[in-house]
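All chains, full assembly: derive it from the sequences and hints.
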Amino acid sequence: MELTAKIKRYNPEKDDAPHWETYEVPAEPDDSALSLLLYVKWHLDGTLTFRKSCAHGICGSDAMKINGENKLACSELVQDLVSGDGDTIKFAPLPAAPVIKDLVIDQSRFFEKYRAVKPWLMTEGPAPEREREQSPEEFDIIEDATKCIMCGACTHACPSTWSDPDYLGPAAMLKAYRYTFDTRDDGAEERLPVLDSDKGLWKCYTIFNCNQACPKDIDITRWLSALKRRSVTAA
Amino acid sequence: MASQYGKSRRSNAGNWFLHRITGTFLVFLLITHFWVQHYDDTTRSVVEQVVTEKGERPEYSEAAQKAVRAKFGADAEVTSYDVLMLRLADPVYAVLWKGFNILFLIAALHHGFYGLNNILTDYIRNPLNRKIATSLSWTAALVLLVIGVYSVIVAGWGYAP
Ligand code: SF4
Ligand code: FES
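If you're matching them up, the sequences are chains A and B in order.
According to our numbering, the first sequence is numbered sequentially starting from 1.
According to our numbering, the second sequence is numbered sequentially starting from 1.
If you're looking for bench data, these hints aren't it; they were derived computationally from the structure.
In this text the structure is predicted, and so the values were computed from the model without any measurement.
Warning: the hint list may mix true and false statements.
As the list claims (entries may be wrong) - So the derived label-pair ranges between C-beta atoms look like this:
id	chain 1	residue 1	chain 2	residue 2	range
1	A	Glu138	B	Tyr150	54 to 60 Å
2	A	Ala235	B	Arg125	22 to 28 Å
3	B	Leu128	A	Glu69	35 to 41 Å
4	A	Ser53	B	Asn15	39 to 45 Å
5	B	Val36	A	Thr88	54 to 60 Å
6	B	Tyr150	A	Arg184	52 to 58 Å
Glycine included, every Cβ here is placed at the ideal spot set by N, Cα and C.
Structure representation (structure tokens):
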């Protein structure tokens, strides 16, 4: 079928402001949305810029706003985005972040928040001789959260982020959950005070936009609520 | 780059927790309040009075008239104000209802102002302005609390119509 790709373009060296451009693109129903962008770049306009790497929902590079919702371009099928021939698919960069060019956003703030929650295993006492063991039941607690690929769809879909771009956001706090509730971790005392702030947990009003946006279907709001309860007991 | 996400100086976990508690509480308090104040047999008249057309004498349930007249004499004029004050003037009921109303007041004020603070800090990002806005709003809550508690305590105090 023939589709129209409507893409929000922005070249900071030439443009004062972002603007929409449209391209006619041939597509099959089981093509990914990413393949439309690749077609534009390879055949119609080589200056189109976007991030992508694995094309299989693993690297988390190509989160963007597709038809108004934050999604991974490689994991969305054309048939789920249009109802028939001649339809339009709209591509825009993730909201609430500075745009570097076209669909590429500046992720430095996103990763600053990630580092702020100390996303690594913190342990006390001497290191064991062998690996630190964890039972399947203990892993179950954090299994859902370990699926995160750091695509940023959730954080940039959150109204709390829109109103305050410095809000830690779901992705970073989900990471905090993943380590704080890891039975091998002893870092809660260092990690929780970062979350228990006016940039952290209490700005989560359980809006559930993050859950809706997450391409890995992680129950983010639920795990953030677990962190809130842990913070209350710790305080 | 220095991170702005250091340890926070003050925990907000307590306020968040109270917000949950007061929210749950308010459901029950509101139902009780509405029932007692507007639908209970002795005070139903208050509602009836509101819906009575202008110029007509308000209608009261028999129970309400009887209760007021028993207290203030057979000729007592019965108004909605009397009915409410009567309840608050009764020494036994007063403790219950004044306690209830003060609890209601505290819960509603905390719940409402915590919410207002969230909205304020959502939109005000300058730290100084934030401080000013939150201090002002909590001060307003405190003022309302003082006025409210005072009114509840003195209401019906030695009341005679
Ligand atoms: S939680 Fe989901 S939406 Fe958020 S960064 Fe991880 S994979 Fe992406
Ligand atoms: S390109 Fe890797 S997740 Fe889409």
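A quick look at each hint next to the structure:
At roughly 55 Å, the beta carbons of A/Glu138 and B/Tyr150 sit within the given window of 54 to 60 Å. Checked against the hint of 22 to 28 Å, the pair A/Ala235 and B/Arg125 passes, with Cβ atoms roughly 25 Å apart. In this structure the hint that B/Leu128 and A/Glu69 lie 35 to 41 Å apart at CB holds, the actual value being about 37 Å. Separation of A/Ser53 from B/Asn15 is about 43 Å and conforms to the stated range, judged on CB atoms against 39 to 45 Å.
For B/Val36 paired with A/Thr88, a C-beta distance near 59 Å keeps the hint of 54 to 60 Å intact. The hint said 52 to 58 Å for the Cβ distance between B/Tyr150 and A/Arg184, and at roughly 56 Å that hint holds.
When each numbered hint is compared with the structure, no violation occurs for any of them.
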